[in-house]
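**Student:** Take a look at the letters that make up each chain.
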Amino acid sequence: MDFFERQDKARRKTKLLVFYFIVAICLLILASYAAVFAIFGRREVIDSFGESSFTLWQPDLFLWTTLGTLIVIGIGSAFKTAELSKGGSAVAQMLDGRLINSNATEANERKLLNVVEEMAIASGIPVPQVYLLENEAGINAFAAGHSTGDAAIGVTRGGMQMLSRDQLQGVIGHEFSHILNGDMRLNLRLMGLIFGILCLTVVGRVLIRTRGKKNPLPLLGLALIVIGFVGVFFGRLIQAAVSRQREFLADAASVQFTRNPDGLAGALKKIGGLESGSKLESAHAQEASHLFFANGLRSSISGAMATHPPLEERILALDPSFDGEFPEVAPHVAQPPPIPPVEPRRTQPPPLPPPLPIFPRAEAMGAGIIGTVVSAQALLPDIGQPTTRHLQYAADLRKSLPESLKSAAREPLGASALIYALLLSNEQSAREKQLADLATATSDPIVDETLTVWPETQNVTMQMKIPLVDLALPALRQLSPAQFHEFRAAVRALVESDRQIDLFEYMLQKIVLRHLEPNFVHAPKPVTQYYDLKPLAADCGVLLSAMAYAGQEDPAQVEAAFARGAQLLSRIAKTEIPFLPKADCDLPRLDNALGRLALSVPQIKKNVLNACAETVAADGLLQGSEAELLRAIADSLDCPIPPFIPSASV
Amino acid sequence: MGTGLILIGVILVVGFFLVLFVIGIYNALVTLRNRYKNAYAQIDVQLKRRYDLIPNLVETAKGYLSHERGTLEAVIAARNAAASANTRAAQNPGDASAMKELSGAENALTGTLGRLFAVAEAYPDLKANTTMMTLMEELTSTENKVSFARQAYNDSVMAYNTRREVFPSNIFAGMFNFAPAELFVIEAAEQREAPKVKF
Numbered sequence: 007m008d009f010f011e012r013q014d015k016a017r018r019k020t021k022l023l024v025f026y027f028i029v030a031i032c033l034l035i036l037a038s039y040a041a042v043f044a045i046f047g048r049r050e051v052i053d054s055f056g057e058s059s060f061t062l063w064q065p066d067l068f069l070w071t072t073l074g075t076l077i078v079i080g081i082g083s084a085f086k087t088a089e090l091s092k093g094g095s096a097v098a099q100m101l102d103g104r105l106i107n108s109n110a111t112e113a114n115e116r117k118l119l120n121v122v123e124e125m126a127i128a129s130g131i132p133v134p135q136v137y138l139l140e141n142e143a144g145i146n147a148f149a150a151g152h153s154t155g156d157a158a159i160g161v162t163r164g165g166m167q168m169l170s171r172d173q174l175q176g177v178i179g180h181e182f183s184h185i186l187n188g189d190m191r192l193n194l195r196l197m198g199l200i201f202g203i204l205c206l207t208v209v210g211r212v213l214i215r216t217r218g219k220k221n222p223l224p225l226l227g228l229a230l231i232v233i234g235f236v237g238v239f240f241g242r243l244i245q246a247a248v249s250r251q252r253e254f255l256a257d258a259a260s261v262q263f264t265r266n267p268d269g270l271a272g273a274l275k276k277i278g279g280l281e282s283g284s285k286l287e288s289a290h291a292q293e294a295s296h297l298f299f300a301n302g303l304r305s306s307i308s309g310a311m312a313t314h315p316p317l318e319e320r321i322l323a324l325d326p327s328f329d330g331e332f333p334e335v336a337p338h339v340a341q342p343p344p345i346p347p348v349e350p351r352r353t354q355p356p357p358l359p360p361p362l363p364i365f366p367r368a369e370a371m372g373a374g375i376i377g378t379v380v381s382a383q384a385l386l387p388d389i390g391q392p393t394t395r396h397l398q399y400a401a402d403l404r405k406s407l408p409e410s411l412k413s414a415a416r417e418p419l420g421a422s423a424l425i426y427a428l429l430l431s432n433e434q435s436a437r438e439k440q441l442a443d444l445a446t447a448t449s450d451p452i453v454d455e456t457l458t459v460w461p462e463t464q465n466v467t468m469q470m471k472i473p474l475v476d477l478a479l480p481a482l483r484q485l486s487p488a489q490f491h492e493f494r495a496a497v498r499a500l501v502e503s504d505r506q507i508d509l510f511e512y513m514l515q516k517i518v519l520r521h522l523e524p525n526f527v528h529a530p531k532p533v534t535q536y537y538d539l540k541p542l543a544a545d546c547g548v549l550l551s552a553m554a555y556a557g558q559e560d561p562a563q564v565e566a567a568f569a570r571g572a573q574l575l576s577r578i579a580k581t582e583i584p585f586l587p588k589a590d591c592d593l594p595r596l597d598n599a600l601g602r603l604a605l606s607v608p609q610i611k612k613n614v615l616n617a618c619a620e621t622v623a624a625d626g627l628l629q630g631s632e633a634e635l636l637r638a639i640a641d642s643l644d645c646p647i648p649p650f651i652p653s654a655s656v
Numbered sequence: 015m016g017t018g019l020i021l022i023g024v025i026l027v028v029g030f031f032l033v034l035f036v037i038g039i040y041n042a043l044v045t046l047r048n049r050y051k052n053a054y055a056q057i058d059v060q061l062k063r064r065y066d067l068i069p070n071l072v073e074t075a076k077g078y079l080s081h082e083r084g085t086l087e088a089v090i091a092a093r094n095a096a097a098s099a100n101t102r103a104a105q106n107p108g109d110a111s112a113m114k115e116l117s118g119a120e121n122a123l124t125g126t127l128g129r130l131f132a133v134a135e136a137y138p139d140l141k142a143n144t145t146m147m148t149l150m151e152e153l154t155s156t157e158n159k160v161s162f163a164r165q166a167y168n169d170s171v172m173a174y175n176t177r178r179e180v181f182p183s184n185i186f187a188g189m190f191n192f193a194p195a196e197l198f199v200i201e202a203a204e205q206r207e208a209p210k211v212k213f
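Protein chains in written order, with our numbering: chain A, 7 to 656; chain B, 15 to 213.
Any given hint could turn out to be false.
Partner residues aside, some chain A positions facing chain B, computed with beta carbon under 8 Å [said to hold, decoys possible]:
| no. | residue |
| --- | --- |
| 1 | Thr-72 |
| 2 | Gly-74 |
| 3 | Ser-486 |
| 4 | Ala-488 |
| 5 | His-491 |
In silico DSSO-like pairs for lysine-lysine, Cα to Cα no more than 27 Å straight-line [what the hints assert, rightly or not]:
| no. | chain 1 | residue 1 | chain 2 | residue 2 |
| --- | --- | --- | --- | --- |
| 6 | A | Lys-412 | A | Lys-117 |
| 7 | B | Lys-62 | B | Lys-76 |
| 8 | A | Lys-540 | A | Lys-588 |
| 9 | A | Lys-21 | A | Lys-117 |
| 10 | A | Lys-516 | A | Lys-471 |
| 11 | B | Lys-51 | A | Lys-412 |
| 12 | A | Lys-439 | A | Lys-588 |
| 13 | A | Lys-92 | A | Lys-15 |
| 14 | A | Lys-15 | A | Lys-405 |
| 15 | B | Lys-51 | B | Lys-62 |
| 16 | A | Lys-412 | B | Lys-62 |
| 17 | A | Lys-516 | A | Lys-580 |
| 18 | B | Lys-62 | A | Lys-92 |
| 19 | A | Lys-516 | A | Lys-92 |
| 20 | B | Lys-62 | A | Lys-117 |
| 21 | B | Lys-62 | A | Lys-405 |
| 22 | A | Lys-117 | B | Lys-76 |
| 23 | A | Lys-439 | A | Lys-117 |
Footprint (simulated), chain B over chain A, 3 or more residues, beta carbon under 8 Å [said to hold, decoys possible]:
| no. | stretch |
| --- | --- |
| 24 | 116 to 127 |
| 25 | 139 to 149 |
| 26 | 244 to 253 |
| 27 | 454 to 467 |
| 28 | 570 to 582 |
Derived by calculation from the structure, the hints in this document are not laboratory data.
Where a beta carbon is used, it is the ideal one built from N, C-alpha and C, also for glycine.
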């Protein structure tokens, strides 16, 4: 099952979930009607013949009850969903999480951040915000958010302090699988719906307070509280059923990423051996229990209500030799021995990463450079599922990044300067114009900082650019809204002043802004609009033409490259994909096309990416720089491709 | 019967909206408060970096400035005062007295540092010292980062304070103990520039 199928499946599951909830809500309406009827209803009805008869059905009463119940549940859900729409950080703050600074120096925090950073580079997504749940002594973790751009990972203090690096890696891998499989959005929707039902009890509580003689309202309030709680019970049942399944999946995925079942199994065993286990103290724990790595609720409910499969079962799936005996874990390991500044590695210290070849910029692509190559079709199956090779590569890549750039990427000013520097042109005259524009858009210290960072970015290879941007994102999210608007204006100024910007640099700035904007600008959530390739034919034409021009010089080759990708799509769309002249492949058009393609269903994205791969690799081979361009395009379609590993030989 | 039901409906809906409304305001205030506290963490990191650099700077300068003991000691004293003020402010960012103390200590530190640099002008050997040059470069860069982080902090404090004061949030801000937060102000660079020493 590839990334696209899993996305499709998550989407279908959401629909099924909504169906279950509709059934539950219908039952709740009936129950409310019964209560209202018992309290207010007239059992005697006098019909037109003047005879009284017994009835249970009063349409006007039913109408009012239905309306009332729907309003309460609907508005409650909408309210919670709106609150959660702020993304993963809203959930983390709800659970009393403290944001770990991206330039934290404390050994444990650093270890956690490093593990998360490696995992993010390995899966090709921006580094998520990492929150520490300081008041939680148990071992647990969660991932929340709507997209990879606003994802947050939370780890309890106990988890951060007591787990070894390998175990932490297993847990973080589990959380990344939730991020990559589209589980997070499903989870947030669940929270919204359950809160809506919970609102019935809120209304009940308001009513129960009302006073007055012969006031029937407190009675109704009591009934609503009962109905609300029964509703929440069923809601949780649905929640638990969905969640249990996902947890097994995420465990399996985590092992697939890290190829180290002992790490994850070790973490689960530690939970079993620890007295406080994975329990959470937060008052909101129940609401968010299905987000967590392990069961966070105080009572160890099992069976249909448990949001997580039993620990033993999860461990046995990873480690068949497990005898059910949990090792004793002392809770006061709270202060672990200081970690040596150089982190211990799992395997023997790796040989220094192979020097990453410096690829020429995109305009020189396709000029027959001997580089590492891979077939286009070998790259795509990796989408959304990094493997242990990617993880190893990411760790090495992160190590080989210049220290000065890494530390710049970790604080807001340095991170902005880094992005500006990456967008600066190689040509002296163009660069001077860009710097002048930067100076008008921002202030002198920022220009100074950019110039300090710039020389170092010149040594950065193509493969390092996307990881660097991913690393810089957590610090950039710390900008204040005013600073973000300045940053965005400056980035646009840099792009526009450089009339010769190449496609890759353009995509780089698009990645930055696309992932940052949800944190600062409130935009309606994009809704999937295209289920068929046909209406997108023109957009595919723009994208494929642009990629063909980026990869080839000779007009005949451009057309040939385009044709390779286009024939793949035109067969599926059953319509012609138009080839555009170079002048028509401008940035606004491309931007528009990518925007529309991003709103299509996963299977369409898969086909489009396949066609893109065919086009850039028209000569049969996919070079490093072409692969990076493909990754950037895929990112803008929300399909994270793990880094391309230069292992294949020419 | 009809009026009774309508009455219940109205009470229901109004009460319900009221509860959601208050929850919304409360949560918004909490979010804004967390935001400025997070923003302070960025300042904290850079200030600590600055406090770590200063002793090195003084150590390097000592060899050359044996006649300027007073200036060097003043720098160290100001640095220690600022470091302890920062520790207090970091525990409770936005607290009025802690932030004022920090502003004062930071201004004093910048003043003494300015004097040290002015004095150093007279010692070409010191100015040419490579350690000294990198340290000063690093210090400038850190100060830039502080001011950038300070801007973000002040922006989020402003957003929080505004939300705290506007109707109807102000009713609940008082009720739930949302104290006003203090800006972190450092005097403009022109004012804090130490007077040039003339010989």
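**Student:** Against the 27 Å threshold, does the CA-CA distance of Lys-439/A and Lys-117/A hold or violate the hint?
**Tutor:** It is violated: about 41 Å lies between the C-alpha atoms, which goes past 27 Å.
**Student:** Tell me if the interface restraint on Gly-74/A is satisfied: Cβ within less than 8 Å of some Cβ in chain B.
**Tutor:** Cβ of Gly-74/A sits 6 Å from chain B, so the hint holds.
**Student:** Does Lys-76/B sit within 27 Å of Lys-62/B, going by the straight-line distance between their CA atoms?
**Tutor:** Roughly 22 Å separates the two Cα atoms, so the pair holds.
**Student:** Within a Cα-Cα threshold of 27 Å, do Lys-516/A and Lys-471/A meet the stated pairing?
**Tutor:** Given pair Lys-516/A, Lys-471/A holds - Cα atoms ~13 Å apart, limit 27 Å.
**Student:** Does Lys-62/B lie within 27 Å of Lys-51/B when you go C-alpha to C-alpha?
**Tutor:** The hint holds at about 16 Å.
**Student:** Would you check the hint for Lys-412/A and Lys-117/A, treating anything up to 27 Å between C-alpha atoms as holding?
**Tutor:** Distance of about 15 Å is within 27 Å: holds.
**Student:** Taken at face value, is the distance from the CA of Lys-588/A to the CA of Lys-540/A at most 27 Å?
**Tutor:** Holds, at about 23 Å.
**Student:** When you check the alpha-carbon spacing of Lys-62/B and Lys-117/A, does it fall within 27 Å?
**Tutor:** Measuring from Cα to Cα gives roughly 20 Å; hence the hint holds.
**Student:** Given the hint that Lys-516/A pairs with Lys-580/A, test it: the Cα-Cα distance must not exceed 27 Å.
**Tutor:** Not OK: Lys-516/A and Lys-580/A at ~31 Å, beyond 27 Å, violated.
**Student:** Lys-51/B and Lys-412/A were given as a pair; does the straight-line alpha-carbon distance stay at or below 27 Å?
**Tutor:** Given pair Lys-51/B, Lys-412/A holds - Cα atoms ~24 Å apart, limit 27 Å.
**Student:** Given His-491/A as an interface hint, is its Cβ closer than 8 Å to any Cβ of chain B?
**Tutor:** With Cβ-Cβ at 11 Å, over 8 Å, it is violated.
**Student:** Against the 27 Å threshold, does the CA-CA distance of Lys-15/A and Lys-405/A hold or violate the hint?
**Tutor:** violated (36 Å)
In summary, the numbered hints that this structure violates are 1, 5, 9, 14, 17, 18, 22, 23, 24, 25, 26 and 28.
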